[in-house]
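S.K.: So the sequences go chain by chain: B and U.
What the first sequence shows, in this note's numbering, is residues 1 to 230, in sequence order.
What the second sequence shows, in this note's numbering, is residues 1 to 230, in sequence order.
Accuracy of the hints is not assured; some may be wrong.
Same chains, same names: a pair is fine if it fits in one copy or spans any two.
Unchecked claim - Result set (EDC-like, lysine to aspartate or glutamate): computed pairs, CA atoms no more than 20 Å apart in a straight line: (1) Lys54 to Asp213; (2) Lys77 to Glu158; (3) Lys29 to Glu55; (4) Lys54 to Glu169; (5) Lys128 to Glu108; (6) Lys199 to Asp143; (7) Lys11 to Asp73; (8) Lys154 to Glu55; (9) Lys11 to Asp76; (10) Lys28 to Asp125; (11) Lys128 to Glu169; (12) Lys77 to Glu41; (13) Lys109 to Glu158; (14) Lys199 to Asp213; (15) Lys122 to Glu108; (16) Lys6 to Asp73; (17) Lys122 to Glu99; (18) Lys122 to Asp143; (19) Lys199 to Glu24; (20) Lys28 to Asp67; (21) Lys128 to Asp143.
Since the hints were made in silico from the structure, they are not lab data.
Number of protein chains: 2
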Amino acid sequence: SLNRIKASGLKLRFCTNETQATRENFVKKLQGMGFDISVAEVTAPAPAACRLLKERSLRPHLLVHDDLLPEFDEIDKVNPNCVVLGDAAENFTYANLNEAFRVLMGLEKPVLISLGRGRYYKETDGLKLDVGAYMKALEYACDVQAEVVGKPAKAFFESALAELGVPPEQAIMIGDDILNDVGGAQRCGMRALQVRTGKYRPCDENHPQVTPDAYVTNLAEAVDIILQQL
Amino acid sequence: SLNRIKASGLKLRFCTNETQATRENFVKKLQGMGFDISVAEVTAPAPAACRLLKERSLRPHLLVHDDLLPEFDEIDKVNPNCVVLGDAAENFTYANLNEAFRVLMGLEKPVLISLGRGRYYKETDGLKLDVGAYMKALEYACDVQAEVVGKPAKAFFESALAELGVPPEQAIMIGDDILNDVGGAQRCGMRALQVRTGKYRPCDENHPQVTPDAYVTNLAEAVDIILQQL
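Can you make the complete structure from the sequences, with help from the hints?
M.R.: The following block contains the structure:
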């Protein structure tokens with residue numbers, strides 16, 4: 001399906017909320033599975049956060065996964081004036097959470113940047129709390145609202161569109177997550193297809209907030225429909 | 001001050017949100033400081049939670065401080081159908097939080113009971129996230145609302161009053177926490193004095209939700225005022 005889109009001449013961008021690995025490693029993994037994908041085609045939360053940090057002269061205290069750290073190599077982290085929170089997994093220790101909390105409480109106006117707002121995800125050894133849960137803990141303790149970078153944030157989709165050089169009304173999102181993919185893209189003015197694979201659950205079809213522009217069985221059907229319209 | 005209240009014949013109850021120790025150890029610590037206090041005079045979240053668990057035939061998965069565990073000795077914990085969350089401190093590990101989360105997600109209707117909703121507290125080595133922050137994380141991840149046992153819950157003050165055999169309009173709360181002590185007691189129909197010690201901050205005097213019935217410099221002044229009214 002991917003190769004058919006690329007062959008059609010349509011512009012393509014991969015939007016991921018992955019924050020447990022650098023784009024390099026994320027892409028290597030997908031290449032290993034046989035996908036034709038390069039780092040330059042990926043929009044991910046960490047680089048979006050880096051742009052935001054630079055724009056606003058923010059120096060982050062990082063509470064992220066070790067494997068994500070290289071994405072922040074170029075960023076000044078001395079004397080932090082904000083906290084960047086990712087899916088830190090095993091780094092979500094009591095000590096690390098308290099440390100991030102103390103950095104926030106030491107700031108005149110605490111700034112918390114969260115790489116996503118996911119509630120949980122499933123791994124082979126069971127359900128895991130995602131970054132959104134820890135974001136809520138820090139938001140409550142510090143009485144602040146986090147700025148979310150990544151899906152479903154409008155700025156995230158806008159930056160993907162800017163990288164493509166395409167206005168939202170000419171773009172279409174294909175995703176399995178009703179809120180993060182479909183809802184986020186639609187709020188940005190894009191159309192969005194919900195695939196009935198991956199995170200999809202039948203109850204998504206009665207979602208109180210989000211109605212996809214169409215449902216498709218899988219990515220192959222999404223590509224069929226899109227290519228038929230050309 | 002404590003001895004003067006006791007000598008006056010007034011009924012007295014200590015209401016604490018302490019969940020890092022059993023009442024036995026909490027009382028021993030205060031006795032060691034010279035206070036005339038016994039376990040029977042203390043209202044604390046863990047025994048309140050135990051009553052609630054028994055009333056509703058709930059079997060808890062406990063995410064609490066090791067030193068609090070003896071309070072739950074009598075409680076059936078096999079095949080849990082709810083989670084009880086206390087200030088678990090070092091027990092707030094990534095693995096333990098995921099485990100509590102999985103128990104909740106495995107229930108048809110998740111029940112989360114939280115021993116307080118404090119945001120943070122200060123120890124000699126710095127600020128620490130309190131139970132309320134972890135409560136918010138689990139609430140968000142499971143899309144449930146926790147039932148809070150302990151101050152400022154109305155049921156908590158009502159149980160202290162029942163133990164005293166005193167109606168709320170004849171009782172007065174003395175506390176340093178504007179929301180948990182003063183606000184909670186007032187919502188229960190009691191009057192409440194705010195002491196200007198401990199957790200008190202000058203900004204409390206402009207609190208948007210809570211206005212104490214009076215401010216006092218410290219516990220001694222509170223007792224002076226109360227005894228003058230007799």
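S.K.: It remains to establish, for every hint, whether it holds in the given structure.
M.R.: Right, here's what the structure says about each hint:
1. Lys54 to Asp213: neither (36 Å within a copy, 50 Å between copies)
2. Lys77 to Glu158: Neither: 27 Å inside a copy, 50 Å across copies.
3. Lys29 to Glu55: neither (31 Å within a copy, 52 Å between copies)
4. Lys54 to Glu169: neither (29 Å within a copy, 58 Å between copies)
5. Lys128 to Glu108: between (33 Å within a copy, 18 Å between copies)
6. Lys199 to Asp143: Between copies, since 17 Å is at most 20 Å while 32 Å is not.
7. Lys11 to Asp73: neither (30 Å within a copy, 63 Å between copies)
8. Lys154 to Glu55: within (17 Å within a copy, 48 Å between copies)
9. Lys11 to Asp76: So Lys11 and Asp76 fail the 20 Å test inside a copy (34 Å) and across (60 Å) alike.
10. Lys28 to Asp125: For Lys28 and Asp125, the Cα distance exceeds 20 Å both inside one copy (23 Å) and across copies (43 Å).
11. Lys128 to Glu169: Intra 36 Å, inter 48 Å, cutoff 20 Å: neither.
12. Lys77 to Glu41: neither (27 Å within a copy, 51 Å between copies)
13. Lys109 to Glu158: For Lys109 and Glu158, the Cα distance exceeds 20 Å both inside one copy (27 Å) and across copies (38 Å).
14. Lys199 to Asp213: This pair counts as within: shortest intra-copy Cα distance 18 Å, inter-copy 53 Å.
15. Lys122 to Glu108: Intra 37 Å, inter 18 Å, cutoff 20 Å: inter-copy only.
16. Lys6 to Asp73: Neither: 32 Å inside a copy, 64 Å across copies.
17. Lys122 to Glu99: Classified as between; 13 Å across copies, 27 Å inside a copy.
18. Lys122 to Asp143: Cα proximity of Lys122 and Asp143: across copies only (16 Å, versus 29 Å in one copy).
19. Lys199 to Glu24: neither (24 Å within a copy, 49 Å between copies)
20. Lys28 to Asp67: within (14 Å within a copy, 47 Å between copies)
21. Lys128 to Asp143: For Lys128 and Asp143, only the inter-copy Cα distance (15 Å) is at most 20 Å; the intra-copy one is 25 Å.
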